[in-house]
Amino acid sequence: MAGFVKSSPARAEFIAGVRDELPIVAGVVPFGMIYGALAVAAGMPRAAAQAASAIVFAGSAQFLMAQLVAAGAPAAVIIASGVIVNLRHLLYSASLAPYLRPLRALWRWGLAYLLTDEAYAVGITRFRAQQARGAPMHHRQWYLLGAGLALWIAWQASTAVGVLFGARVPAGWGLDFALPLTFIALVVPAIRDRADVTAALIAGGVAVAAAGLPLRLGLLLGVLCGIGAALAVRWSAPRRAEDAA
Amino acid sequence: MPTWGIITAIGVLTYGLRLAFLTGRRAGLLPPVVEHTLRFVPVAVLSALIFPALLQPAGVLDLSPGNVRLVAGLLAALVAWRSRNALLTVAAGTALLWILQAVLR
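In order, the protein sequence lines correspond to chains L and U.
Heads up: the first sequence begins at 0 in numbering that gives the first Met the number 0, then just goes up one per residue.
Heads up: the second sequence begins at 0 in numbering that gives the first Met the number 0, then just goes up one per residue.
The following block holds chain U by itself, in its conformation from the complex (with noise of 0.2 Å):
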């Protein structure tokens, strides 16, 4: 399938579960069950991009202070706790990741 056949299904979709309780049918009610579900969703999947992403950066576990994803993804965890602002965030990983880069080259 094409990157527009993708693009186009998740769009439609997502539409979709915006809608699903706009059309003036349904009660805004979701059962307890389903609502704590959804509400885990987020943390859930975000952390499953975020720990390969810094612990297997080549593909194989790295758990070495010589992984400077590693490294630079910490100090943006602990940035983001301590300051709840994104840009800050990103900011600060990225110029420890520079700032590694360029200090083991």
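For reference, chain L alone in the conformation it holds in the complex (with noise of 0.2 Å):
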């Protein structure tokens, strides 16, 4: 942290890090806010509500987590639904390791709890460009705590204002719909390809055929059968798929 103060380099990197970051804090402070709000409707205590933005720092598992909670499913499938959709985090981490490795196990530890989407994007992005022109990656760490900290605070932020108000919002405004909308939202954007329309098809068909059975279990079967189904038409044409990437 002493390097923080002497060296301006440092400082430069962290404050590039929260400025890169500002665009993308705009349009998280409106989820933070639904997340909020949703999370006391669907009967979480405020505390835990609010807790779980810092604990859990990822918003598709805390949508889920909401709306599994308010469905009344079991602990065990509620915990290995935000489990799943929080496995890409594993990417990330692979991803990131070789920039990271020459760090002090203090600051890899520190940063893997603020690698959120939305950090990492900025970060890669960033860390692979400084590295294809050759560039001094000295006070990488600091990019990363900067654009780290400043979705930490605007999360943590905007939880609390749909914590706080949540409740006073009319169930005729369709608050639980915006849920749905959210996830269109993400997974529209991220359909490239025909392996990708498969793995939503087919794990949203199944999700729906499999809708009655116990435990919303149907949720995790639909995902299964998506990622089997996408897998395979990955692999019947892996030439034609390598090309496009």
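Derived by calculation from the structure, the hints in this document are not laboratory data.
Bear in mind that the values here come from a model prediction, so they are computed numbers and not experimental data.
Be aware that one or more of the hints could be misleading.
Facing chain L, according to a computed beta carbon distance under 7 Å, are these residues of chain U, among others [to be verified]: (1) I6; (2) P30; (3) P31; (4) H35; (5) A47; (6) I49; (7) A57; (8) W80; (9) R81; (10) S82; (11) A94; (12) L95; (13) I98; (14) L99; (15) A101; (16) L103.
Calculated Cβ distances over 10 Å to all of chain U for the following chain L residues [as the list claims (entries may be wrong)]: (17) S7; (18) M43; (19) N85; (20) A93; (21) A120; (22) Q130; (23) A153; (24) A236.
Glycine included, C-beta positions come from ideal geometry on N, C-alpha and C.
Both chains are sitting in their own frames, so use the hints and assemble them into the complex.
Here is the structure:
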């Protein structure tokens, strides 16, 4: 931490991280408020709804958790669903590992906590660009810290606003419908090729067909079938898929 | 298990996923099979949540035009596709839901 005071490059990197994260923060704040309101409406204690933003710190898993709590799903199913949604963080961890390996353990363990979709997106873009042009990366950890903290503060604050005012939102506003709409906003831009379309249609179709299964297991069954079908499509046409990537 | 236990469990496991390749022991390389599988997870999970919410709003399959959530959701998907703007997507879907509910009431 002393480096931050002594050297202005560290501070400049931190500020650059905050600055690059700000446009994303502006988009995330409304969803923090929606999450807070939904979680309270789902019957979660206010303190727990707020604490989840700090402990889990992953929007889609928190939304899913609120929905499954409201549906009265068993704890094991909620935990399994939340972890499956968050499996993508393994990709981020692996992808950032070469850049963060030179750092001390305290930095690596700390930055892991801040490793969200949004911080990863700006971080990996920056690191790859710097590496490509051979730029020095002595203060890279400060950049990721700036981006991660900016998002963290915005997420906690927007959750608090949602938690405080959520109970006052009238039922006729269809607040619960914000959840599938949010998921649509996330999934549509992520669909890029035929394998993605297959994953979406099979997962959704099976989830609908299996909606009657006990313990809300239709969700997990749909996810497994969707991934399996998408892998089959990807492997049946591997060359075209690789070329497109 | 109370809500607190669920939150703690998901939080600890999520931190483990984030830290998995940053402990310094493991190289940041995933087998291609694992990487492909993980890349499909978000699309599959989100779709498995979206479809029932739109097609079975009251618990049973409803493909009629009177299913306002299906109509509003389809418009939202169109807006998401054209604009790639999350906030605009939610705003458009919510607005259409309100309009349809008001018209059909």
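Status of each hint after checking the structure:
no.	hint	in the structure
1	I6	holds, 5 Å
2	P30	violated, 11 Å
3	P31	violated, 10 Å
4	H35	holds, 6 Å
5	A47	holds, 4 Å
6	I49	holds, 5 Å
7	A57	violated, 12 Å
8	W80	holds, 5 Å
9	R81	violated, 9 Å
10	S82	violated, 9 Å
11	A94	violated, 10 Å
12	L95	violated, 10 Å
13	I98	violated, 11 Å
14	L99	violated, 10 Å
15	A101	violated, 10 Å
16	L103	violated, 13 Å
17	S7	holds, 27 Å
18	M43	violated, 5 Å
19	N85	violated, 5 Å
20	A93	violated, 4 Å
21	A120	holds, 13 Å
22	Q130	holds, 14 Å
23	A153	holds, 14 Å
24	A236	holds, 13 Å
When the structure is compared with the earlier hints, violations turn up for hints 2, 3, 7, 9, 10, 11, 12, 13, 14, 15, 16, 18, 19, 20 and for no others.
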